[in-house]
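Could you fit the two chains together into a complex? Lean on the hints.
The lines below spell out each chain.
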Amino acid sequence: MTIDQKIVAKIASLSRLKIPAEEQAHVAEELNGILNWVEQLNEVNVEGVEPLASVNDTSLRTRKDVVNDGGKPEDILANAPASTADFFTVPKVVE
Amino acid sequence: MTKLTDLTITEALQGLNDKKFSAVEITNAHIAGMEKARGLNAFITETPDVARKQAAESDARRAAGKAGDLDGIPLAIKDLYCTKGVRTTAASHILHNFVPTYESTVSQKLFDAGAVMLGKANLDEFAMGSAGITSAFKPTISPWSGSDPANAARKLVPGGSSSGSAASVAAHIAMGATGTDTGGSIRQPASVTGIVGIKPTYGRCSRWGIIAFASSLDQAGPMTRSVADAALMLRVMAGFDEKDSTSVDVPVPDYVAALGKSVKGMKVGLPREYRIDGMNPETDVLWQKSAAMLRDAGAEVIEISLPHTKYALPVYYIIAPAEASSNLARYDGVRYGLRVAGESLDDMYASTRFEGFGKEVRRRILIGTYVLSAGYYDAYYRKAQRVRRLIRNDFEEAFKICDVILTPAAPGTAFAIGEKQDDPLAMYLEDVFTVTLNLAGLPGICVPVGLAQNGLPMGMQLIGKAFDEAPLFTAASALEKAANFTHKPPLTA
Numbered sequence: 010m011t012i013d014q015k016i017v018a019k020i021a022s023l024s025r026l027k028i029p030a031e032e033q034a035h036v037a038e039e040l041n042g043i044l045n046w047v048e049q050l051n052e053v054n055v056e057g058v059e060p061l062a063s064v065n066d067t068s069l070r071t072r073k074d075v076v077n078d079g080g081k082p083e084d085i086l087a088n089a090p091a092s093t094a095d096f097f098t099v100p101k102v103v104e
Numbered sequence: 152m153t154k155l156t157d158l159t160i161t162e163a164l165q166g167l168n169d170k171k172f173s174a175v176e177i178t179n180a181h182i183a184g185m186e187k188a189r190g191l192n193a194f195i196t197e198t199p200d201v202a203r204k205q206a207a208e209s210d211a212r213r214a215a216g217k218a219g220d221l222d223g224i225p226l227a228i229k230d231l232y233c234t235k236g237v238r239t240t241a242a243s244h245i246l247h248n249f250v251p252t253y254e255s256t257v258s259q260k261l262f263d264a265g266a267v268m269l270g271k272a273n274l275d276e277f278a279m280g281s282a283g284i285t286s287a288f289k290p291t292i293s294p295w296s297g298s299d300p301a302n303a304a305r306k307l308v309p310g311g312s313s314s315g316s317a318a319s320v321a322a323h324i325a326m327g328a329t330g331t332d333t334g335g336s337i338r339q340p341a342s343v344t345g346i347v348g349i350k351p352t353y354g355r356c357s358r359w360g361i362i363a364f365a366s367s368l369d370q371a372g373p374m375t376r377s378v379a380d381a382a383l384m385l386r387v388m389a390g391f392d393e394k395d396s397t398s399v400d401v402p403v404p405d406y407v408a409a410l411g412k413s414v415k416g417m418k419v420g421l422p423r424e425y426r427i428d429g430m431n432p433e434t435d436v437l438w439q440k441s442a443a444m445l446r447d448a449g450a451e452v453i454e455i456s457l458p459h460t461k462y463a464l465p466v467y468y469i470i471a472p473a474e475a476s477s478n479l480a481r482y483d484g485v486r487y488g489l490r491v492a493g494e495s496l497d498d499m500y501a502s503t504r505f506e507g508f509g510k511e512v513r514r515r516i517l518i519g520t521y522v523l524s525a526g527y528y529d530a531y532y533r534k535a536q537r538v539r540r541l542i543r544n545d546f547e548e549a550f551k552i553c554d555v556i557l558t559p560a561a562p563g564t565a566f567a568i569g570e571k572q573d574d575p576l577a578m579y580l581e582d583v584f585t586v587t588l589n590l591a592g593l594p595g596i597c598v599p600v601g602l603a604q605n606g607l608p609m610g611m612q613l614i615g616k617a618f619d620e621a622p623l624f625t626a627a628s629a630l631e632k633a634a635n636f637t638h639k640p641p642l643t644a
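Read top to bottom, the protein sequences are chains E and B.
Each residue of the first sequence is one higher than the last, beginning at 10 in the working numbering.
Each residue of the second sequence is one higher than the last, beginning at 152 in the working numbering.
By construction, these hints were calculated from the structure, which means they are not laboratory data.
Be aware that a few hints might be false.
[Said to hold, decoys possible] Non-contacting residues of chain E with respect to chain B, defined by C-beta distances greater than 12 Å in every case (computed):
id	residue
1	D74
2	V76
3	A94
[Stated by the list, open to error] List time: in silico DSS-like cross-link candidates among lysine-lysine, alpha-carbon distance up to 27 Å:
id	chain 1	residue 1	chain 2	residue 2
4	B	K440	B	K639
5	E	K81	B	K394
6	B	K171	B	K204
7	B	K289	B	K235
8	B	K289	E	K27
9	E	K73	B	K394
10	B	K639	E	K15
11	B	K510	B	K154
12	B	K171	B	K235
13	B	K306	B	K415
14	B	K418	B	K551
15	B	K412	B	K235
16	E	K19	B	K394
17	E	K19	E	K101
18	B	K235	E	K81
19	B	K616	B	K461
20	B	K510	E	K27
Glycine included, each C-beta is placed from N, C-alpha and C at the ideal position.
Looking at chain B on its own, in the form it has when it is part of the complex (with noise of 0.2 Å):
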């Protein structure tokens, strides 16, 4: 019989059905290898007994005949969720003991669907980050570093910010996570850990009870080791809530019925821009392969020109900071988290805010604090608003001749903790072929399609129009069809 941490959602979900096996035992399965998995400090907070409470009242809404669309599901949290009665930290010091009293719209409807919470998976500090190493709380580890990583001699990164997601799902700790993404935040760990990641178009999924970090870009999505499995999540987690008020009230499509279906004329979009100075040669190699696959799936593939494209990195370092300068300014001490003792009420607030954020997120606080402040507000923040209308007209020109936009998901495979940490203009070029969606506001879908020379996987990502995420899944699952991806990283539980 199949190792219970070896299957997808989709087969645990018939499985349950068919009584080969209950929610008590899968939940069981995957806390153990968490314990086991333990040196990829790829959860905050480890919560397994919420998870074997959650998964015996699984079991007895299926007995009677109550199951829900995720029902008996273990599921790694991301740490930015807020969850009701669970410390929340988004990887924080500032938040090191923060305990929610309410539950973030898109967990609950997980919860209300029967998923069962393994733990608050780990995560860059506020989800600023493209390696998992800003977090308080120590890196996560990539399973892809050896089969004792805590101890490789190269310590690899799952990507970011999403790491203990991406690390947990790569490593069968978890059937499915949820992450979010801000900037490629759920898409690059994808692509560098070997899994599925999708973000929905902004507006989708509600930002209620997420943790802010900028509010115009942020989305939360599903990440899994599927293209089906990651429908089924996306089905779940999407929806209009009066909460957030960025939210759009549009019907959410069966995203499932969407997957099989034929490529057959559709026309997939290859951005030349997106061939850039300093990629991984190998990169551009699989890129075109991945076109060959869905062109001999019966797609056509055309050269499309996004012109603006090596400008969005530069807007996303203006806008992303300003927001999250602006959304930062709530932590001061006073009513959750951290606080400092301080001479005067603002020694307080700095020096709480001083020891309470780490050195990447107090560089992000000043650079949106001084492009929003008198005398440069023009000159940086409104500057990058234009061009990023400019970005997302080159997208809305696009697809007048495309239907989906195939790109690499990351430059290169997955580097080891201490590279690229000198210069944070290094690490952000980690988000070039995903950063420009966030800015348009798209859905994209980051699929695993092959090993690099170094035998590290790498991630393809499909590119649509809003709110039209079903035929991204259907070419998705034409990719995974083709590309039949079935490496495992050296450690799985």
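Bound-form chain E, shown alone (with noise of 0.2 Å):
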């Protein structure tokens, strides 16, 4: 499989990341160093094994269903780069 400028395009817009467009022919190139370079998986046989998402194969613990934490909308917003009242401001999105 080969990435090409429109496959980084594609994905460069699913990853929401401006790459300018000159800068996208060297990015394909550095993508399909490191994909050819995985290639060499195919060569391990996993027939019937099983996928390994996480080490740890007890499953997720559950808790009762309550509210713990919150209450503190200052906390929330303290870091945003624009917020008015208890909320944090986006640019217009309805015209």
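In structure tokens:
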């Protein structure tokens, strides 16, 4: 599988990264280098092997469905680049 | 009298108890050292005022007979740990102004035990790197570069990603430091700076409040100048935390009690697949020497096989970027950190993320997004997860016939800033001996064992069974005693 500039543009868009057009060819080259290298995994026979997502096989714990934190809007908004009252603000999305 | 900056944590605690000096005196000596060694760029944010206040409180606690296990010990905290009221950047421009309103569980545990924070240590951006050079706050320079590292002809790297942690401990600016390890970020810098570093079992330390890179691989751990100090620090840092769903609720053994025990009869495995092409021949020599030291101490050294070793790096470079691309989706310029204006909301996200993330971070986000995208998920991500299981199975088989495994911690000694930077794959190879443990979730400790002919330190790695760090400390203290590594870098505080 070869990554071309079109694919770079697509994954950049999925990643919300504004990669300038003039950099896309170079990025494609780097990504191809890495992907060609990981192709060696095709040598491994994984038939019947279950994927391992986490090393701790135990199932995740559950807890009581109760509110145990909160009520601190100042803390939540303390680092916001822009806010109004108790809300984060973003550029206008509805005309 | 010994300089206060030359003391290990163990020695300092003894001296504090014996009233030979105060926590304020220790802290002031280290703050002076931090200022003297600023050329290392080991810290992103220095916190001398916090340190002095904590040290004074520590002296008061000790006087009242209420001293904790690390009371009065000055530490560097990797700038990936959120610290309440103190800027936390992950060495990224995207978090250049982020001041957490909460404290990470592990740093809180250290402070509850009386530890003093000297500052926030430099690192590779979002812990992605093996040399400390991807930091948006300039690279950290190793104190092994020379007596004036900032002006050295060849500025050596301290390894990474825990670059500032390693440099500050090696240079005696800090008595110990916290690190994090996703593919080797504690053990590889420990190896190239001549200090001790342990990555505990996955689930041993809480990840809560530590900025996430790859959540199924990240672990916190200590970096120190002795195995005993690592045991002391880990005993405080470890433990179940209900705020981290992957933290494991098992008792924390007394690691200090495991030190100095005999290794007689302990079976030490040497994996034949760790003798790789391109390895520095001196690494191999030191590896065999270290095995001989453990044999002389009474251990039985046997050859073992970990057949899927060569696939660990490619597996890692699918899984870690995949998890990173998901974890780093939160940096969008809305709730915290950098915001770059855009023509639309989407344009604001994309501009913020392009300007806020450095090159290596962007590269990994793109790779991660690609391997998780429709049509490629099975070929890359699921395939990698399957090989990951085979790698873990290799270790399970090996531990049927041995108690611990001995390997090199890094392929060679420190390299210079600028080297290995043209090709990402060359840099990735730095983690070839360490990354297998993260994939398998196992604990590993790096112990300095000697100098190469170029005068630079090399460390060995001991690998243990999951949640069985105690025998690891026993073997590490035996190796430490036999190797008797007492070399210091040209620059120390």
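Pair hint outcome, K289 (chain B) versus K235 (chain B) [Cα-Cα no greater than 27 Å]: Given pair K289 (chain B), K235 (chain B) holds - Cα atoms ~24 Å apart, limit 27 Å.
Hint consistency between K289 (chain B) and K27 (chain E) [alpha-carbon to alpha-carbon, up to 27 Å]: holds (24 Å)
Is the Cα-Cα distance between K510 (chain B) and K154 (chain B) 27 Å or less? violated (42 Å)
Given the hint that K616 (chain B) pairs with K461 (chain B), test it: the Cα-Cα distance must not exceed 27 Å. Distance ~21 Å between K616 (chain B) and K461 (chain B) Cα, so the pair holds.
So if I understand the rule, the pair passes when the alpha-carbon distance is 27 Å or less; does K639 (chain B) with K15 (chain E) pass? Cα-Cα ~52 Å, so violated.
Tell me if the straight-line CA distance from K418 (chain B) to K551 (chain B) falls inside 27 Å. Given pair K418 (chain B), K551 (chain B) holds - Cα atoms ~10 Å apart, limit 27 Å.
Between K73 (chain E) and K394 (chain B), does the CA-CA distance stay at or below 27 Å? With Cα atoms ~13 Å apart, K73 (chain E) and K394 (chain B) stay inside 27 Å; holds.
Agreement of K306 (chain B) and K415 (chain B) with the hint, judged by alpha carbon distance not exceeding 27 Å: Given that 27 Å is the threshold and the Cα spacing comes to 42 Å, the pair is violated.
When you check the alpha-carbon spacing of K171 (chain B) and K204 (chain B), does it fall within 27 Å? holds (20 Å)
Going straight from one Cα to the other, do K412 (chain B) and K235 (chain B) come out at no more than 27 Å? violated (40 Å)
Mind verifying the non-interface call on D74 (chain E)? Its CB should be farther than 12 Å from each CB in chain B. holds (14 Å)
Below or equal to 27 Å on CA atoms is what counts here, so check K19 (chain E) against K101 (chain E). Measuring from Cα to Cα gives roughly 25 Å; hence the hint holds.
When held up to the earlier numbered hints, the structure conflicts with 10, 11, 12, 13, 15 and 16 and fits the remainder.
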